[in-house]
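J.: Each protein sequence line maps, in turn, to chains X and A. Mapped onto this note's numbering, the consecutive letters of the first sequence carry residue numbers 1 to 250. Mapped onto this note's numbering, the consecutive letters of the second sequence carry residue numbers 1 to 250.
Calculated directly from the structure, the hints in this document are not laboratory data. Virtual Cβ for every residue (Gly too), placed ideally from N, Cα, C. Take the hints with a grain of salt, since some may be wrong.
What the hints assert, rightly or not - Here are the computed distance ranges between Cβ atoms for each label pair:
1) X:43 - A:76: 37 to 43 angstroms
2) X:207 - A:224: 28 to 34 angstroms
3) X:211 - A:84: 31 to 37 angstroms
4) A:49 - X:66: 49 to 55 angstroms
5) A:131 - X:96: 28 to 34 angstroms
Unchecked claim - One side of the interface only, derived from the structure: several residues of chain X facing chain A at Cβ under 7 angstroms:
6) 57
7) 79
8) 87
9) 132
There are 2 protein chains.
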Amino acid sequence: MNVALITEYDGTDFVGFQSQKNGRAVYDVLSQALSQIYKEEVHLVGCSRTDAGVHARAHVSSVNVPFFIPEDKLPIAINSFLPDDLSVRRAVYVNDDFNARFDSRGKRYIYRLYSSSYRKPLIDRYAYHTTYKLDLEKMRRAGELLRGEHDFAAFCAAGSTAATTVRTVYSVNVFEKGDLIEIEVQGNAFLYNMVRIIAGTLLEAGYGKIDPETIPQILDSGDRRCAGRTLPPRGLTLEEVYYDWEKAKV
Amino acid sequence: MNVALITEYDGTDFVGFQSQKNGRAVYDVLSQALSQIYKEEVHLVGCSRTDAGVHARAHVSSVNVPFFIPEDKLPIAINSFLPDDLSVRRAVYVNDDFNARFDSRGKRYIYRLYSSSYRKPLIDRYAYHTTYKLDLEKMRRAGELLRGEHDFAAFCAAGSTAATTVRTVYSVNVFEKGDLIEIEVQGNAFLYNMVRIIAGTLLEAGYGKIDPETIPQILDSGDRRCAGRTLPPRGLTLEEVYYDWEKAKV
Chain X
1 MNVALITEYD GTDFVGFQSQ KNGRAVYDVL SQALSQIYKE EVHLVGCSRT
51 DAGVHARAHV SSVNVPFFIP EDKLPIAINS FLPDDLSVRR AVYVNDDFNA
101 RFDSRGKRYI YRLYSSSYRK PLIDRYAYHT TYKLDLEKMR RAGELLRGEH
151 DFAAFCAAGS TAATTVRTVY SVNVFEKGDL IEIEVQGNAF LYNMVRIIAG
201 TLLEAGYGKI DPETIPQILD SGDRRCAGRT LPPRGLTLEE VYYDWEKAKV
Chain A
1 MNVALITEYD GTDFVGFQSQ KNGRAVYDVL SQALSQIYKE EVHLVGCSRT
51 DAGVHARAHV SSVNVPFFIP EDKLPIAINS FLPDDLSVRR AVYVNDDFNA
101 RFDSRGKRYI YRLYSSSYRK PLIDRYAYHT TYKLDLEKMR RAGELLRGEH
151 DFAAFCAAGS TAATTVRTVY SVNVFEKGDL IEIEVQGNAF LYNMVRIIAG
201 TLLEAGYGKI DPETIPQILD SGDRRCAGRT LPPRGLTLEE VYYDWEKAKV
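With the rest of the complex left out, here is chain X:
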């Protein structure tokens, strides 16, 4: 039977979701815990890789398991084998053809940053520190112009193997929450480093290096060098992955 696992993790000490030759991957830690329970090796399909250091509040994996454990008991059982920085929030039994990667209808990310003359250790683990003063209205305008279906080649890191660089961004919102500025990006799918480049572009719009009105030209250029820089992973959290759960559930 097929089960979807919604996991939360602090990405700081992970090399990302996917197994790597070296380093501690979420995939490995999670599949090892599952092997302890099911007494056999299991194979996970993740909704997305997530780079080293990127956090997730609701990453989704699907996995075929050999026997039934009730949905409310399964997270507790798995969590008893997991370290402090990884946790299963929820388990949902799904149809055999459900695939966490291919059935995703979109994702919601938040890139957090804070503007301050000094580093703030109590938020620094999950947010990027900038000493620039930021104009949120300019950041919002840049975000607005990124919305829609575009060729995001200019917002894609080198080394991407995507067949097409056309993606649809549903929305880019900028919120102020206490000390934090949250850049929320929703879209159908994302290119390699795309959200971190969008965040870097909004940051540069916020302190005046990029004129928000030039966003259409940056998109048209298809040139990575025209967009803002890639912000570090610490500020990025995968917040939500969208599925048609009603259709997926058994």
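Place chain A on chain X using the hints.
T.: Frame of chain X; chain A shown alone:
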């Protein structure tokens, strides 16, 4: 000249503020950074010790320094010698007789916790996880009954060397903020582990182990075993220390 330094730190990897025979103390890391700048050993007076693992958003130290560096430049200079988990927010030149410990008029702490069937790695570093469902009204009632001047012997860990166990608690508030429950405690001064024991007592009131109406009897007993348990340091943050800054500033 005498300067007050307001510091923020993530307490996870510190043994507390005060130097210890073993382990990494805030005092040591901060005074070493100052020695780099002033080219001589300096002696800090901290507003409070803070236990191993306890965080601070605005800890205050006073220190005599041999020469003047402008208030706006000093934090930047010190921070260039500090690790990621410790930062100087602000520097204020104060009268020679200012003492961060003895001139404090009170402190504000917040103990954060969250109630959930599963651990949440993205908030777990700064909050205590409980699987109990909590009745916030009962927690608020317990907090209300702790307000005022009382003998807090029942809320003091063994090993305290305080001359008297009478303290004044100005307020105990319970807030809900997203996933977090915040227990905010303000008082003139605190006994060893007092805030963590207050938090443990409110937690037990919240899930029904302690009847909030028995708080006066717990106080009267003077017996540590009558109050709730000491919650772990991770949930505790020293948020603010009160001084008469107008009088203190040079």
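J.: Return the numbers of the hints above that this structure violates; sort them in rising order.
T.: 1, 2, 9
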